[in-house]
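There are 2 protein chains.
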Amino acid sequence: MNWLGLWRRTRNALAITSCFVGYSLFAGTASAQQSTPNILFILADNVGYGDIGVYGGSDLRGSPTPRIDQLAAEGLRLTQFLVEPSCTPSRAALMTGRYSIRSGLSLVAVAGTPFSLPEEEITMAEMLHDVGYATAMFGKWHLGGQTYSQPQNQGFDEFYGIPPGDTWDAFGMIRQGHQTKSVDIPLDRGPHLVEAKRGEQLKLVKPYTEEVRRGIDWELADRGVEFMTRQKAAGKPFFLYLPISRTHFPNLPSKRFEGASRIGQFGDSLMEGDAIVGTMLDALKDLGIEEDTIVVFASDNGPDGPGASPFGGDMPDMGTTGPYRGALGDVSEGAIRTAALIRWPQRIRPRSSYAMFSIMDFFPTFAHLAGGKVPDDRPIDGIDQSDLLLGEDDSGAREHLLTFVGSELVAVRWKQFRAYFADVAPGRSGPGGATPMGGVGSSAAPMNGYPKVFNIESDPQEEHNIGEMYNWVLGPLLKAVEEYKETLVRSPNPPAANMTKF
Amino acid sequence: MNWLGLWRRTRNALAITSCFVGYSLFAGTASAQQSTPNILFILADNVGYGDIGVYGGSDLRGSPTPRIDQLAAEGLRLTQFLVEPSCTPSRAALMTGRYSIRSGLSLVAVAGTPFSLPEEEITMAEMLHDVGYATAMFGKWHLGGQTYSQPQNQGFDEFYGIPPGDTWDAFGMIRQGHQTKSVDIPLDRGPHLVEAKRGEQLKLVKPYTEEVRRGIDWELADRGVEFMTRQKAAGKPFFLYLPISRTHFPNLPSKRFEGASRIGQFGDSLMEGDAIVGTMLDALKDLGIEEDTIVVFASDNGPDGPGASPFGGDMPDMGTTGPYRGALGDVSEGAIRTAALIRWPQRIRPRSSYAMFSIMDFFPTFAHLAGGKVPDDRPIDGIDQSDLLLGEDDSGAREHLLTFVGSELVAVRWKQFRAYFADVAPGRSGPGGATPMGGVGSSAAPMNGYPKVFNIESDPQEEHNIGEMYNWVLGPLLKAVEEYKETLVRSPNPPAANMTKF
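Residue numbers (my numbering), protein chains in the order written: chain A, 1 to 502; chain B, 1001 to 1502.
Hints in this document: simulated from the structure, not taken from any laboratory.
Watch out, some of these pointers could steer you wrong.
Said to hold, decoys possible - Only pairs whose alpha carbons sit at most 27 Å apart, straight line, appear in this in silico DSSO-like list of lysine-lysine:
hint : chain 1 : residue 1 : chain 2 : residue 2
1    : B       : LYS1479   : B       : LYS1415
2    : A       : LYS415    : B       : LYS1255
3    : A       : LYS485    : A       : LYS452
4    : A       : LYS415    : A       : LYS479
5    : A       : LYS232    : A       : LYS373
6    : A       : LYS255    : B       : LYS1415
What the hints assert, rightly or not - Okay, the calculated bits of chain B under chain A, using three or more residues with CB under 8 Å as the criterion:
hint : region
7    : 1059–1065
8    : 1254–1265
9    : 1392–1404
What the hints assert, rightly or not - Label-pair distances were calculated between CB atoms; the ranges are:
hint : chain 1 : residue 1 : chain 2 : residue 2 : range
10   : B       : MET1469   : A       : GLY475    : 48 to 54 Å
11   : B       : ALA1073   : A       : GLY235    : 44 to 50 Å
12   : A       : ASP59     : B       : PRO1494   : 36 to 42 Å
13   : A       : GLY278    : B       : ARG1230   : 35 to 41 Å
Backbone N, C-alpha and C fix where the C-beta goes; we use that ideal spot for every residue, glycine too.
My request is simple: use the sequences and hints to build the entire structure.
Next comes the structure, spelled out in structure tokens:
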């Protein structure tokens, strides 16, 4: 038995003892727990910080999310969960445990781009597969379309979902009705759903029509349940990554959710996403593996904002950031702070935590909990937060977070402060629109009017630049930047270009 | 033992007893209820829609409000409580049950203004006094300083608090250290707290220093508890109006609340306000009059915003609107939608309601519940919402609300839509800065680019003008405007000027 098993036993003994003392929240059959936890990771798309019930949504917004709220009641609610500003970057960071800029994916992958998750990246799925996990991904990959980047070649035993290199266009095409060509995927007959087993070539399953789009997340859930059922029967720990598509524009809820909310199709889709989460939670219960499974619900980035969506049209169709400034594609708090709930019965004490937690932190945290290996031949920006999860430490292990757009380091968070080193060009739509002006990452460009510093907690709208008054803050902020820059000497970043900022 | 000691003892006894009874929220002696309810109305200052725990604040913001949240658990949470854009207008609307423009108070009263609550206005206090209520107001009046406007001459038996004509300057002076002259109140020795019994002349009590400002709301609470205790002893129903000052700039929490929150002095002050609400709730319980008393907690307008406060300085010191656009002094949703909780055990079923409810609606609603008379010689814009409160009707009786700035009708809400008929001049600070450009209320001015129409529910940031697509909305919207205009034929508005917008 390794040390992990040892302290699990000790802890279980303690838990059992505590049953007789009155407080019985953690009662049950602790000793029967699986040795390594299953991981069910549900990633929502463009859900803002203020959308979920336990984040100020619910009746206040007119789109209740009781099943996701249930995760908060039974698990850990992170009130400072930080991501990257948009879809591809956040997903790259989640899969690799590194800033997306290290894999060249710090902008959004669009159809035909050669920028794609590099073969040599080690994903969370590879890490878990290496220690015996069954791995599956059903949904939206969005890390480039090259063969070596596809989920079935990046650690997943099974993949079903939206074409991995064309997500953005696939959403767009439905609405716009035009076609596109793709890298390495025969989509010239229009967008199709695809699937593959480990190492296989992608197969087209069926046309990705509007009707299929309306129902796809239920397909993903069904496949997810079937996968979990198989692994339970086989006695194998599993990692199921379920990046659902509900709340991404254009929002197309299923017929039975149309009009369910008070706030239009975004709200309807949010409620449908909640029902899908509920389906997964019910399945875990039915399979009797609730206590053996870590469930994460998280959102990839802030909500779609005005102007951010090229298909936005006149009618808003998006979530809310709560009190924070900005939206998807910005670098302000509303773009990079989202919802995250983590449940692991008997192990994670139900509570709310203000600890800073990055989407990159899941990689080393899961590695710790599953006995996996964190690569030591490259910089890993994620921090092991298992002490936070397990209640050994309530302040968390993270104090700072960098935010990149394209090749530029644009902003840095340190404790409650945020510094901007550059602005982002206002023309946000289309490839090339995301060139930051200057930035601490660029060589000799002047920093006119920068850095700007804001106190996110007392000034969530980032309207009071306190850079002059609080210039001492730049010390620790720049230290984080320097530490990052030092890693570039041995591990330079690949080029990042020809993509779009959202 | 003084009365305070007495109720503390009683309370402990009750606490011990309750251990043996279990769940008893709705248990007990309905038949023993007083025939007309007491009313305790706590009005908060510049608390935004998103600040209170049950409105998305709490741990999410770092300034928990458990005692106010308790009102939501035990009473009605209104998620669409609508006010006027700033302090004086909202308070005028509350007291008169009419749009503030009808009493000439649609801008903020500043020191020396002749615009003051007219003698002939009938206040909520007068209405309740006429049906046998003991009435008291402790706190901030802010409806002008003329003798006839003062609380003790507008229906209140007792008044103690901030000078009624100088609130704004009184806050300002503390910070700025300069002095001002006042109408009818001898404040040339600097700001003082004042008091008066019904019909008396105001008396100076003590200098309104920074130390007094820090502690004043506790004084108000103590006087409130003492007043309620007296009325309980006398067997008289009471109306206690408690407009506290905590969250108005400059935020000066008591020493023991300094640093209590994560977000600075605004949050500290919010938490202190919560404790003050708790003190009042405890007192009701200790006096055994919980079930006989309607408790309202509401905020007068949206939070102070950047630029709105002439004393704002570099450091933010304000609340949040949640997802809604704007702040104090604007006419957008963030300025006019705030928190409101109403508790009346056994009569109001605990729940959340999306019904539209204006601050003006309290007047006719209380008149109905207390057997008072709503004036019939003048337009009353408030609507009796007692059916909503008592659960007879869950959609509420209100479908629209007009918003004025100065003499202009600037915006109208109808169902989930908001139309703007004019913009508000951007220069917001100082008297005269609030002149709207054009507006449906003005005669022949062109409406360049107006009206603009927004769907508040799906577009809380008011970024997508849907006026062209949804022009049918203007029908019912303009009908509300026409109905208002018709009332002006017999009851023209008094002039409103020489004041400031926030």
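Of the hints stated earlier, which fail here? 9 and 13
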